[in-house]
Structures are given as structure tokens and as C-alpha cells.
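K.L.:
Listed below are the residues making up each chain.
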Amino acid sequence: MPYDYTPYPYVAPPGLSAPEARKPVVIVGAGPIGLAMAIELANHGVPSVVLDDNDVVSVGSRAICWSKRSIEIFDRLGIGDRSMEKGVTWTVGRTFHRDKEVFNFDLLPETSYKRPAFINLQQYYVEEYLIDRAQEIDLIDLRFKNRVAGVTQDVNGARVQIDTPDGRYVLEADYVLACDGAKSPVRDMLGLDFEGVVFEERFLIADIEMEGDFPSERWFWFEPPFHTGQSALLHKQPDNIYRIDLQLGWEADPEEERKPENVIPRIEKVVGHSQFRLDWVSVYTFQCRRLAKFVHDRVIFVGDSAHLVSPFGARGGNGGLQDVDALGWRLAAVLRGKAKPEVLERFDLERQHGADENILNSSRATRFMTPAPGAERMFRDEVLRLAGSLPFARTLVNSGRLSVPCVYPLEGPDTEALPAMSRPGSVAPDAPLGARWLIDRLGGRMIVLAIGCDIGPVDGAEVLQLEPTREIRARYLGEADHAIYLIRPDQVVAGRWTMPDPAWVSATIKDIWEGRA
Amino acid sequence: MSLVTDPNLSDADGFYADLLAAHRELSEAESAALNARLVLILANHVGDRAVLAEALRLARVG
Numbered sequence: 001m002p003y004d005y006t007p008y009p010y011v012a013p014p015g016l017s018a019p020e021a022r023k024p025v026v027i028v029g030a031g032p033i034g035l036a037m038a039i040e041l042a043n044h045g046v047p048s049v050v051l052d053d054n055d056v057v058s059v060g061s062r063a064i065c066w067s068k069r070s071i072e073i074f075d076r077l078g079i080g081d082r083s084m085e086k087g088v089t090w091t092v093g094r095t096f097h098r099d100k101e102v103f104n105f106d107l108l109p110e111t112s113y114k115r116p117a118f119i120n121l122q123q124y125y126v127e128e129y130l131i132d133r134a135q136e137i138d139l140i141d142l143r144f145k146n147r148v149a150g151v152t153q154d155v156n157g158a159r160v161q162i163d164t165p166d167g168r169y170v171l172e173a174d175y176v177l178a179c180d181g182a183k184s185p186v187r188d189m190l191g192l193d194f195e196g197v198v199f200e201e202r203f204l205i206a207d208i209e210m211e212g213d214f215p216s217e218r219w220f221w222f223e224p225p226f227h228t229g230q231s232a233l234l235h236k237q238p239d240n241i242y243r244i245d246l247q248l249g250w251e252a253d254p255e256e257e258r259k260p261e262n263v264i265p266r267i268e269k270v271v272g273h274s275q276f277r278l279d280w281v282s283v284y285t286f287q288c289r290r291l292a293k294f295v296h297d298r299v300i301f302v303g304d305s306a307h308l309v310s311p312f313g314a315r316g317g318n319g320g321l322q323d324v325d326a327l328g329w330r331l332a333a334v335l336r337g338k339a340k341p342e343v344l345e346r347f348d349l350e351r352q353h354g355a356d357e358n359i360l361n362s363s364r365a366t367r368f369m370t371p372a373p374g375a376e377r378m379f380r381d382e383v384l385r386l387a388g389s390l391p392f393a394r395t396l397v398n399s400g401r402l403s404v405p406c407v408y409p410l411e412g413p414d415t416e417a418l419p420a421m422s423r424p425g426s427v428a429p430d431a432p433l434g435a436r437w438l439i440d441r442l443g444g445r446m447i448v449l450a451i452g453c454d455i456g457p458v459d460g461a462e463v464l465q466l467e468p469t470r471e472i473r474a475r476y477l478g479e480a481d482h483a484i485y486l487i488r489p490d491q492v493v494a495g496r497w498t499m500p501d502p503a504w505v506s507a508t509i510k511d512i513w514e515g516r517a
Numbered sequence: 001m002s003l004v005t006d007p008n009l010s011d012a013d014g015f016y017a018d019l020l021a022a023h024r025e026l027s028e029a030e031s032a033a034l035n036a037r038l039v040l041i042l043a044n045h046v047g048d049r050a051v052l053a054e055a056l057r058l059a060r061v062g
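Top line first, the protein sequences correspond to chains D and C. Residue numbering for the first sequence follows my numbering, starting at 1 and increasing by one per position. Residue numbering for the second sequence follows my numbering, starting at 1 and increasing by one per position.
Treat each hint with caution, since some may be false.
Residues from chain C shown here face chain D by an in silico Cβ test under 7 Å; the list is partial [to be verified]:
#1 Ala33
#2 Ala36
#3 Arg37
It is worth saying that the hints were derived from the structure and are not from the lab. In this text the structure is predicted, and so the values were computed from the model without any measurement. A virtual CB, placed ideally from N, CA and C, is assigned to each residue, including glycine.
Please work from the sequences and hints to get the whole structure.
P.N.:
What follows is the structure in C-alpha cells.
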């Protein structure tokens, strides 16, 4: 069944008849990032107005691969279980060259985590769930058919001009969060431009509905027999919808390629029959670019408006959610007066680092998939040739390195005695806690984990005593008998010690709120 | 470990003859592809990024 794009109702905003009270936060864009941002801020007690020029969810599946980290974030936003229930869980990716498998990876062979490596779930479902959740929350004022026509700012705040079916009005805000996507009108209104590379390649992307028995895995082909000389990607989604990406070459005419009479024969070759329904088609090119910085005084760019990557690696939507995660607690603390505005610069630095890592990985994958003629092409082809017989060459085959959260460049207190996977800057690794999960106990506030030792009360944080189980030992202790970890509200490790001293921990917390860490 | 640039081949003349023999009767394109495979195979054997970076630098300077 095709997805039912029921429009959400437009309600004439109060600002049309009388000036509205100044808002702490105005969010531009009700895509997954804008909606997640609103819910995350509400979780921290901050009200927001969310403006969207449209009144339906994403048309077409668009972002479909949601990483373990994103599902953990969904949990805190209140849509984790619903997404898991609907989504297709997968951890294995297979890469083929011609008709032969040359490489496969298992992203999360261990099962002692609450959430799997990935689920596939169409962006329209994620948006629907987020809208449902947002509408349950009084702090969120969601306004459809409200198109931002202008944004200006001064030292005290920002002014947003908004067009509705009933005319124009103005909102004043402490902060404007531009979550308005790749073509971000707000970015243009501020006269900002992207820096980076545009790739000269076209891909056809199609959702088809069919009864199929493809496994819940990511399948990628270089030079498949059904699509000579190019590459292809197949992903299973809920509702018997399959995502197919086909490389077309730069010379392809997007308007022609989009036509069903041209798409259908291509898909028939991929799936080997014609028993399918074409649900959505798009032709895209891609770019690996970002803004030089994301915080522009009172206007902050979050998600695709701030950075763009090629889709191979699922680093767009997942990267955007990590922006939300890094910004929400800080902005809330600034608005409450608990933190200095400098903490927003830390957000900027951390997410620039994240964006650079995503851009690096997705550029490399794109290079491998679409090599320039000459040496680049030759090395690519010879890697693929060797990969059939030599194990080492398989590690060079790059059809996308899938999204994992970056480790932030934090200079938090650290000790070499403890495992690398939980060093400062990393997302705190999940672990079973009896029948529950550690990850569910973290987030929203500063937490001190006292593992295998006591620390007593710590100023500015809640202490959580943990017994060193097998997983906690492996992920948090290594060879040490005990340890203290400070976990930020976004579940990122801020510092760790083998000596329990509440004064050290409190000093680190103070550094965080003052924007020094 | 640093890149070895002092003589290290156990039989330099013999290796050189083998290298030429491997390319015998190949077209220019086939030779280039063989060289590409050879570089990849040897790079994996070396493994160390710093050594490889130094080798790339030397090769590029010529």
C-alpha cells in the first residue's frame, strides 16, 4: 500500500492579528531534524515554535538508514520503540563485483546492546512519528504552511518574517534554528555559502513495492550484470518497499531518466521480473560540502542546512540527529542562564569535527564509486579485481563506510588505564543492566558513573553506582578494578578517572558549563 | 620503522629480470594495470602508513 500523505491542518497563527510574545526558539523546518530539535529542547524544558512551508511529511523514502546512535536518540525523543517495531533491522552489508560477492561486513556482531546497528525506515514514517510525539507536547507549537520569508538579527535576537495563506506576520526569537535542509532558504537569506566538492555523477533512486525474499541486508554492486559498468544499491524497507539506487553517469538526462517508461525497464533488470509497483523516483547528484561554521550569532544551522554528504554511508540524517543531540542540552542551558553562550562554540567545534569526518568518509566512498578517468579508475578496477581472491583488497573496496558517531576532540580528563572505546568524546557505550539497559539511564542531565567504587555526592550531577558486569568491565574498565565516568546530557563521555574524587568531577562539570570543555 | 632506501634486495638483478618478465607481451594498459596491482599487494605487505607515505613522496619526486 502506498503511504497515505494526509495533510496536517493549517491553523492561522496568532501573530497575524496581534504581535506574539518573543519566543526562546524558532525552528525553521519540520523535517526529521527540526522536529527532533523541538522535542529535544522540550525534553530540557524549552518551548519552541516550529515553522514549515509544507503540510505533509517527506514525499519518498529519502533518508532510510537510521544508525544505532540515531535509534538511541529516538529513544530519548520518545519514538524509539515505534521506529523499531516498524523498521527493518539489519547489521550485514554485502558488496558484489559483477556477479560475485567480494566483501561483507557485520556492523554489530555483538548483541549485548539495546539497539541494533541499523534499521531501515522511510523518512516519512520517522517524520510522522516525530509529529505525533511533538503534538503531544505542550511546549511545541507546530505551524504548517508557515513559510519563512526573511530572517534578520542583532545582538539581542532574531526576527523572522513568515508568510501564511492568510498573510505575513513576524516572530521575534532569542535563537533561530535553521533546520531547513540542503537548499536552506535561511542560509541564502544570511548570504552564506557552502565550501567543498560537488561530484559530477547522477544516481537514479527508486522505491518499489513488491513481494520479495531479499534478506534484510544492504547489497551493493559494482558493475553488476544487470547494469553494465555502473553501480547499484538495494535496501529493504518496511511495507515490502525496496530502495534501489542506480548510478547513471554524468551525461544522463535527469528529466528523461525519471520517466516511468525509462525507470521500469532498469528496475526489471535489477529484480529480474516486472511484478512491482513504482512508488517514488528521483534523480540526484551529490555534494560533500559544509558551512565554514554553524553558529552565526542568533541563527544556528542544524542538519543538511549546515552540511551535505553523498548518501553512501547514511551520514546525512544520522549526522543531523547528532547535531540535534549536541545542541539541545547546551542551548537549553544557555537559555536558562545555567551556561555561558560560549558553550555554543563548543557545539560548533564538535559538529564541524563530525561533519568533516562524515564528509571525508562519504567523499572517499564517492571517489571509489565514481573514479575519475585515468589512474583513479585503474586503481579502483584493480582493487575490485584483486578483491575476488585476496582478502586484503576487500578492505579497500568502498561502497560507503556506514555512520558511526565520531569521537569528539575533547580534552577531558582521561587515563590510559581505561578502554579506548569509552574515552572522552565518545558516546557512552551501552551495556545490559539486568533486564534493562545502561543507555536508558543516561542522558538529559550530568551523570557520574561510579563503577566498582564509591564517590559520594557530586556537585551538579547525579551519581549512578554500577557493578562491573562482564560487558561493563569490557567497555568501561579494561584492566582497572574501578573507575569514575562523567557522562554529559547527550550521553557523551566528558571525563574519566580511576581515583574517585568528587572535586575533580565537579571541576570538569564547571568547565563544561563555562564553555571551556 | 622508516622506509628502507639502502640496498635490501637479496638478488637485485634477478628481481629486475623478474619484473621485466612479468610485463613481457603486455600492452601498455595491461602493464599499467599490473603495476597498480603490484603496488596494492606490496603496500599491504608493508602495512605501515608512515613508510608508505614516505615511499609515495619519493616516487612522486622521482
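K.L.:
Against this structure, judge whether each hint is valid.
P.N.:
Evaluation of the provided hints:
no.: 1; hint: Ala33; in the structure: 6 Å, holds
no.: 2; hint: Ala36; in the structure: 4 Å, holds
no.: 3; hint: Arg37; in the structure: 5 Å, holds
Hint compliance for this structure: every hint is met.
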